[in-house]
Amino acid sequence: MRAHVVFNRRISAAYRHLGIVAPGFPRAFGPGQFVMVRPSFSVDPFLPRAFSIFRIAPSADSAGPTVEILYKVLGKGTQCLSRMEAGQEAEILGPLGNNFTVRENVEAAVLVAGGIGVPPIAALARHTRNPQSAIRKCVVFLGGKTSEDILCVKDFEAAGATVHITTEDGSMGARGLITDLLVSFLESCDDRAARQSGNQEGPNRPIAQSPNRLHIFTCGPPGMLAAVSRLAQTYGVACQTSVEANMACGFGACMGCAIEARSDGFGPNYKLVCKDGPVFDSRELVW
Amino acid sequence: MDDSSHEPRATRRGENDKTCEPRVAGHVNLAVEFAGIRMQNPVVSASGTFGYAQEFEPYLDLNRLGAVVVKTITRLPRPGNPAPRIVETPAGMLNAIGLQNVGIDAFIREKLPFLRTLTPPLIVNVAGESVEDFRELTKRIGDQEGVAGIELNVSCPNVAGGLDFSTDPKLTHQVVKAAREATRLPIIPKLSPNVTDINTIARAAEDAGADGLSLINTLVGMAIDVRTRRPKIANVTGGLSGPAIRPVAVRMVWQAAQAVRLPILGMGGIVTGEDAVEFLLAGATAVAVGTASFIDPKSVVKVIDGLRDYCAANGIAEVRQLVGGAEIPGRTAT
Numbered sequence: 001m002r003a004h005v006v007f008n009r010r011i012s013a014a015y016r017h018l019g020i021v022a023p024g025f026p027r028a029f030g031p032g033q034f035v036m037v038r039p040s041f042s043v044d045p046f047l048p049r050a051f052s053i054f055r056i057a058p059s060a061d062s063a064g065p066t067v068e069i070l071y072k073v074l075g076k077g078t079q080c081l082s083r084m085e086a087g088q089e090a091e092i093l094g095p096l097g098n099n100f101t102v103r104e105n106v107e108a109a110v111l112v113a114g115g116i117g118v119p120p121i122a123a124l125a126r127h128t129r130n131p132q133s134a135i136r137k138c139v140v141f142l143g144g145k146t147s148e149d150i151l152c153v154k155d156f157e158a159a160g161a162t163v164h165i166t167t168e169d170g171s172m173g174a175r176g177l178i179t180d181l182l183v184s185f186l187e188s189c190d191d192r193a194a195r196q197s198g199n200q201e202g203p204n205r206p207i208a209q210s211p212n213r214l215h216i217f218t219c220g221p222p223g224m225l226a227a228v229s230r231l232a233q234t235y236g237v238a239c240q241t242s243v244e245a246n247m248a249c250g251f252g253a254c255m256g257c258a259i260e261a262r263s264d265g266f267g268p269n270y271k272l273v274c275k276d277g278p279v280f281d282s283r284e285l286v287w
Numbered sequence: 001m002d003d004s005s006h007e008p009r010a011t012r013r014g015e016n017d018k019t020c021e022p023r024v025a026g027h028v029n030l031a032v033e034f035a036g037i038r039m040q041n042p043v044v045s046a047s048g049t050f051g052y053a054q055e056f057e058p059y060l061d062l063n064r065l066g067a068v069v070v071k072t073i074t075r076l077p078r079p080g081n082p083a084p085r086i087v088e089t090p091a092g093m094l095n096a097i098g099l100q101n102v103g104i105d106a107f108i109r110e111k112l113p114f115l116r117t118l119t120p121p122l123i124v125n126v127a128g129e130s131v132e133d134f135r136e137l138t139k140r141i142g143d144q145e146g147v148a149g150i151e152l153n154v155s156c157p158n159v160a161g162g163l164d165f166s167t168d169p170k171l172t173h174q175v176v177k178a179a180r181e182a183t184r185l186p187i188i189p190k191l192s193p194n195v196t197d198i199n200t201i202a203r204a205a206e207d208a209g210a211d212g213l214s215l216i217n218t219l220v221g222m223a224i225d226v227r228t229r230r231p232k233i234a235n236v237t238g239g240l241s242g243p244a245i246r247p248v249a250v251r252m253v254w255q256a257a258q259a260v261r262l263p264i265l266g267m268g269g270i271v272t273g274e275d276a277v278e279f280l281l282a283g284a285t286a287v288a289v290g291t292a293s294f295i296d297p298k299s300v301v302k303v304i305d306g307l308r309d310y311c312a313a314n315g316i317a318e319v320r321q322l323v324g325g326a327e328i329p330g331r332t333a334t
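Note that the protein sequences, when read in sequence, are chains A and Y.
Quick note, the first sequence lines up with residues 1 to 287 if you use the numbering used here.
Quick note, the second sequence lines up with residues 1 to 334 if you use the numbering used here.
These aren't lab readings, by the way, just hints derived from the structure by calculation.
Any given hint could turn out to be false.
Said to hold, decoys possible - Computed footprint of chain A on chain Y, listed as stretches where at least three residues anywhere in the stretch have a Cβ under 8 Å from a Cβ of chain A: (1) 41-55; (2) 70-84; (3) 91-102; (4) 293-300.
On a predicted model such as this, the values are computed, not experimentally measured, just so you know.
Note that the Cβ used here is the ideal one computed from N, Cα and C, for glycine as well.
Please build the complete structure, drawing on both the sequences and the hints.
See the structure below:
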């Protein structure tokens with residue numbers, strides 16, 4: 001769909017905030033859904049890039065809603081995108097893929113985002129503020145290498161969330177990895193009384209009642225997702241994870257964005273990140 | 001000749017989204033007959049880039065295609081290759097999907113009913129691991145209602161033994177002959193560019209009774225991440241496609257068009273109507289749009305509209321007039 005850039009703001013040396021006006025683009029999206037974006041008339045870079053939707057804002061005029069994404073300038077595609085200016089033409093396709101789903105009985109959302117994995121998590125935090133949401137508590141864990149990688153803190157605070165921050169160099173929040181804080185948090189939630197009374201479902205479910213109260217939603221680098229997924233399993237907490245893959249089309253045609261899912265025993269089982277995801281129950285994937 | 005890079009770029013791709021709407025203007029007859037299959041225009045989807053067509057239904061009118069060519073079907077379902085399967089390369093991409101597909105039974109049961117509802121002719125692409133596989137697949141697909149032709153994928157670079165059938169003229173001959181004996185439908189082997197002499201292979205296919213040729217499948221390529229020193233795709237090598245390969249594809253279509261009398265379905269990096277014209281001038285009767293459908297799902301109809309615009313602007317009443325129309329100074333086509 002033909003669209004044009006309305007803003008392409010520099011957040012820091014590496015991060016940008018892009019707004020694209022697309023006539024006819026749906027106003028509604030599910031947190032976790034993504035768009036494929038490329039500059040018009042480009043054969044190099046050739047492929048569009050997949051970006052999680054950060055926000056869709058209504059337009060002042062009839063030009064269509066503004067689709068907002070946050071991105072990190074990393075390679076050829078994002079470098080090219082970072083040079084785009086307001087008014088320039090772009091192609092956008094979406095909203096694509098599935099989204100985070102919040103079960104009705106989830107009371108506390110644990111949002112875990114690493115680096116540029118934050119946009120769908122911020123969209124989810126905003127979503128949980130709507131009156132229909134059953135979520136009463138939002139706890140956010142943001143991690144990055146340095147303070148530059150910590151984004152959207154104000155967005156989370158505006159959504160009424162408690163925000164915990166870690167950086168690997170200690171330049172913001174606690175020094176270390178995001179999973180360090182997450183472990184402490186999950187330990188503190190551990191309902192020992194319930195465990196002692198024998199009111200538990202199995203050895204992997206020390207928080208006997210919590211699977212229905214607590215739910216982890218996460219997006220970030222693969223190593224972090226694997227670690228969070230393991231913690232979720234250890235503490236018996238449900239976990240939805242948004243993953244990334246090299247993608248050519250975004251709508252299930254190229255089959256390039258395969259990810260290995262748990263198999264029923266008859267050879268490997270691949271899911272497509274674009275169509276079956278990008279959000280998966282963490283137990284579904286091979287980490 | 002180089003492409004018309006001196007022209008404003010905006011005219012080389014659809015100027016606006018209206019290019020996706022059918023046009024009334026112009027008196028251009030786009031109809032062609034390819035391998036005995038009548039098409040309303042010479043632009044089809046390339047196998048492996050168009051799924052089973054349904055994936056594209058939200059984005060374009062499938063009934064505008066010249067023909068629908070669907071993703072390779074094998075005897076048994078295939079899970080495909082490990083990730084990562086694709087990587088972008090200059091003006092193109094490498095892929096090693098590994099012929100992930102549902103298998104012929106599920107194709108007939110779940111995919112074919114939708115495909116039958118479409119008006120353009122349906123060309124089903126099949127791949128076997130042996131001559132007998134090809135015979136059986138061709139027979140079963142040929143027995144189905146609503147199939148206009150069968151494309152033989154004898155040239156997949158990403159599965160074990162996938163390339164063998166189109167790099168050895170004897171094997172090409174055996175596969176095409178087996179398919180020929182198994183059905184009366186048009187047989188179109190899709191040949192590999194990864195050969196020393198395309199003409200030998202093309203002649204082997206012709207001698208064995210093929211009705212047309214598809215040219216070209218992807219070129220075997222490789223990309224290495226210089227930071228990790230590892231191949232960028234898990235299969236190590238993959239098939240290169242996109243505008244990067246277009247000159248190779250045009251050259252091979254041009255060569256094969258002079259070596260055999262069979263009509264050719266030309267493909268390789270077509271993004272615009274003018275790209276399609278290049279293939280027709282080289283000797284292709286019809287063209288397939290492949291990787292372009294990934295970057296823009298409307299690509300096939302944009303190429304149809306671009307082709308019509310080219311004909312209208314150049315006073316060409318019948319698109320067939322373009323076929324083999326390349327003028328080579330100082331040479332006569334043999």
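Going through the hints against the structure:
1. 41-55: holds (count 4)
2. 70-84: Contact hint for the stretch 70-84 of chain Y vs chain A: holds, 6 residues under 8 Å.
3. 91-102: Our answer is that it holds, as 6 residues pass the Cβ test (under 8 Å) against chain A, meeting three.
4. 293-300: It holds, with 5 qualifying residues against the three required.
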